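Heads up: the sequence lines are chains Y and W, in that order. Taken in order, the first sequence gives residues 0 to 151; the numbers are from numbering that gives the first Met the number 0. Taken in order, the second sequence gives residues 0 to 416; the numbers are from numbering that gives the first Met the number 0.
Calculated directly from the structure, the hints in this document are not laboratory data. From a predicted model like this one, the values you see are computed outputs, not experimental measurements. Heads up, some of the hints might be wrong.
[As the list claims (entries may be wrong)] Straight-line distance between alpha carbons at most 25 angstroms, and here's what the computed SDA-like set of lysine to any residue pairs gives:
#, chain 1, residue 1, chain 2, residue 2
1, Y, Lys80, Y, Glu122
2, W, Lys410, Y, Glu122
3, Y, Lys41, W, Val348
4, W, Lys32, Y, Lys41
5, W, Lys32, Y, Pro124
6, Y, Lys113, W, Met414
7, Y, Lys16, W, Gln166
8, Y, Lys21, W, Arg412
9, Y, Lys47, Y, Glu5
10, Y, Lys41, W, Gln166
11, Y, Lys16, W, Pro330
12, Y, Lys21, W, Leu267
13, Y, Lys41, W, Thr333
14, W, Lys306, W, Pro330
15, Y, Lys17, W, Arg54
[As the list claims (entries may be wrong)] Just a sample of chain W residues kept apart from chain Y, beta carbon distances all over 10 angstroms, derived:
#, residue
16, Arg55
17, Val68
18, Lys96
19, Gln166
20, Leu267
21, Phe271
22, Leu279
23, Pro354
24, Asp356
25, Gly371
26, Pro385
27, Asp402
28, Arg412
All C-beta atoms in this analysis are idealised placements derived from N, C-alpha and C, irrespective of residue type, glycine included.
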Amino acid sequence: MSDLRELYQEVILDHTKKPRNKRPMPDATGHSDGMNPLCGDKATVYVKVEDGRVVDVSFEGQGCSISTASASMMTEAVRGKTPAEVDALFERFHALVTAPPDQAGRDAAPELGKLAVFAGVCEFPVRVKCASLAWHTLKAALAGNGTPVSTE
Amino acid sequence: MSATAQSPVAAGPLDVAALRAEFPVLRQQVHGKPLVFLDSAASSQKPQVVIDAERRCYEEYYANIHRGVHKLSQLSTEAYEGAREDVRRFLGAASTKEVVFTRGTTESVNLVAQTWGRRHVGPGDEVLITALEHHSNIVPWQMLCEERHAKLKVAPIDDRGAVLLDQFEKQLSVRTKLCAFAHVSNALGTVNPVKQMTAMAKKRGAVVLVDGAQALPRLPVDVQDLGCDFYAFSGHKAYGPSGIGVLWGRRELLEAMPPWQGGGDMILSVTFGKTLYNELPYKFEAGTPNIAGGIGLGAAIRWLESKGMQRILAHEDAVLRHGTEALLQVPGLTLVGTAPEKAGVLSFVLEGIHPHDIGQVLDSEGVAIRTGHHCAQPVMDRYGIPATARASLGVYNTTEDLDALVRALHKVREMFG
Chain Y
0 MSDLRELYQE
10 VILDHTKKPR
20 NKRPMPDATG
30 HSDGMNPLCG
40 DKATVYVKVE
50 DGRVVDVSFE
60 GQGCSISTAS
70 ASMMTEAVRG
80 KTPAEVDALF
90 ERFHALVTAP
100 PDQAGRDAAP
110 ELGKLAVFAG
120 VCEFPVRVKC
130 ASLAWHTLKA
140 ALAGNGTPVS
150 TE
Chain W
0 MSATAQSPVA
10 AGPLDVAALR
20 AEFPVLRQQV
30 HGKPLVFLDS
40 AASSQKPQVV
50 IDAERRCYEE
60 YYANIHRGVH
70 KLSQLSTEAY
80 EGAREDVRRF
90 LGAASTKEVV
100 FTRGTTESVN
110 LVAQTWGRRH
120 VGPGDEVLIT
130 ALEHHSNIVP
140 WQMLCEERHA
150 KLKVAPIDDR
160 GAVLLDQFEK
170 QLSVRTKLCA
180 FAHVSNALGT
190 VNPVKQMTAM
200 AKKRGAVVLV
210 DGAQALPRLP
220 VDVQDLGCDF
230 YAFSGHKAYG
240 PSGIGVLWGR
250 RELLEAMPPW
260 QGGGDMILSV
270 TFGKTLYNEL
280 PYKFEAGTPN
290 IAGGIGLGAA
300 IRWLESKGMQ
310 RILAHEDAVL
320 RHGTEALLQV
330 PGLTLVGTAP
340 EKAGVLSFVL
350 EGIHPHDIGQ
360 VLDSEGVAIR
370 TGHHCAQPVM
380 DRYGIPATAR
390 ASLGVYNTTE
400 DLDALVRALH
410 KVREMFG
């Protein structure tokens, strides 16, 4: 059970049960659909960019606890950042969840902040896609090319 | 079952404790808990006799088949062709010429779509399937219909997951060239009334293909009695190796079909001007096949015969009934797929908890199940859900395994409730 508790941290369970910013955004400047064909999960991410900064992010869709919590915490983490800063944060996040298990969380960058609770994901390789779905979809929403994103 | 089965069938109910001991993989702990393997609909575990048959082939007599005059080639050929006879006997087929070895059910269905289908399905014609099919019994027909400008029709299922037979019959027309459906649904466990559906389709002159991937390891199958034209199955779901499967087809249909893949073994003679194709079933078996896999499949079939399909069916049915009742006691659990005739599969959802999370917590308790859409996305769409958790049975499962599943589900609810 100990590994499982590392995956399902209290913060993650909290965001699963009470996802933040789970709502449509009629005045979004960009949005994109993402899907994880492996588990049938779907997410839509909305983003509003003003003066080169992300002023609002929201999401809709259905997914497991890891993908829901990741989307929820992402919406809080990226607000106020430039698209380039969002890319950099996603890179750090991706490195965190794909780290070799024996180095789990060891090099968690300080700028990850609360997102460091996803360190446990690296012990469960099949869940990396769950944790990254919202991020990939946000990147597509910011790029504004309208192409649906797939984790496969 | 044929009276000529090589291994005698014991009387009385299955000795499941002894049978479990034949599966080396089951003797292990996962995350410190005894393994409870409830994912046999995805792929079954292998008894020692199957493992030994493949190992002996490689250790003692392996060589390419149908080619050599030397001793090892003869032994390999005899063993491989012996497996074809095992399959013929098990299915009640008229001749080994009707037993085509493939890589599995998917390849068997594609073979029929690409050969019989391309020749006989034309613009305006129809192919009828059902709403509970696996992707491998949907996509090959979509591809065919797109190419041939034909129409793919889908017979609906009711809320329990049973095919609506009156709708099925109504959708059949003189334009229906082929009708394809599962014997047992992998996502819901529904057992289709194959004989009745086949008779309806035949009355309209349609050719019938049955996807037997889930049925073959669970029920007695007699292709003559079912009346269908093609029956497809995979070795790996029937306690045999992966990468080997079977297409059984009626001889007159197979004879009239063009070959599929070209290459060695499927020819009689080759010149740059003209190639003469080999006789059945080799016409459809281009290239060196999965020799040891075929031999392993033969061992799996003989092993199933020695246990007796009626006894296997009775045992799995008892475990399924026990599991159904036990699962329904779990608060918030809904079974997906409650057809009156079911085999082997318990698909379910837990209120407010995603199947992926269910599977993760169960794994930490040593319980292996499948989560997701089970390669049957249209079935998930029918129920308006993205995925289910699916516990599926093998002949080695016991009522205790289902009790362990239920205990682990209570832990899931503690964590996410």
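So, going through the hints one by one against the coordinates:
no. : hint                 : in the structure
1   : Y:Lys80 to Y:Glu122  : violated, 29 angstroms
2   : W:Lys410 to Y:Glu122 : holds, 20 angstroms
3   : Y:Lys41 to W:Val348  : holds, 17 angstroms
4   : W:Lys32 to Y:Lys41   : violated, 33 angstroms
5   : W:Lys32 to Y:Pro124  : holds, 21 angstroms
6   : Y:Lys113 to W:Met414 : holds, 21 angstroms
7   : Y:Lys16 to W:Gln166  : violated, 42 angstroms
8   : Y:Lys21 to W:Arg412  : holds, 23 angstroms
9   : Y:Lys47 to Y:Glu5    : violated, 33 angstroms
10  : Y:Lys41 to W:Gln166  : violated, 32 angstroms
11  : Y:Lys16 to W:Pro330  : holds, 18 angstroms
12  : Y:Lys21 to W:Leu267  : violated, 66 angstroms
13  : Y:Lys41 to W:Thr333  : holds, 22 angstroms
14  : W:Lys306 to W:Pro330 : violated, 37 angstroms
15  : Y:Lys17 to W:Arg54   : violated, 54 angstroms
16  : Arg55                : holds, 35 angstroms
17  : Val68                : holds, 48 angstroms
18  : Lys96                : holds, 40 angstroms
19  : Gln166               : holds, 26 angstroms
20  : Leu267               : holds, 43 angstroms
21  : Phe271               : holds, 43 angstroms
22  : Leu279               : holds, 38 angstroms
23  : Pro354               : violated, 7 angstroms
24  : Asp356               : violated, 5 angstroms
25  : Gly371               : violated, 5 angstroms
26  : Pro385               : violated, 4 angstroms
27  : Asp402               : holds, 20 angstroms
28  : Arg412               : holds, 13 angstroms
The structure fails to meet hints 1, 4, 7, 9, 10, 12, 14, 15, 23, 24, 25 and 26 from the earlier list, while all remaining hints are met.
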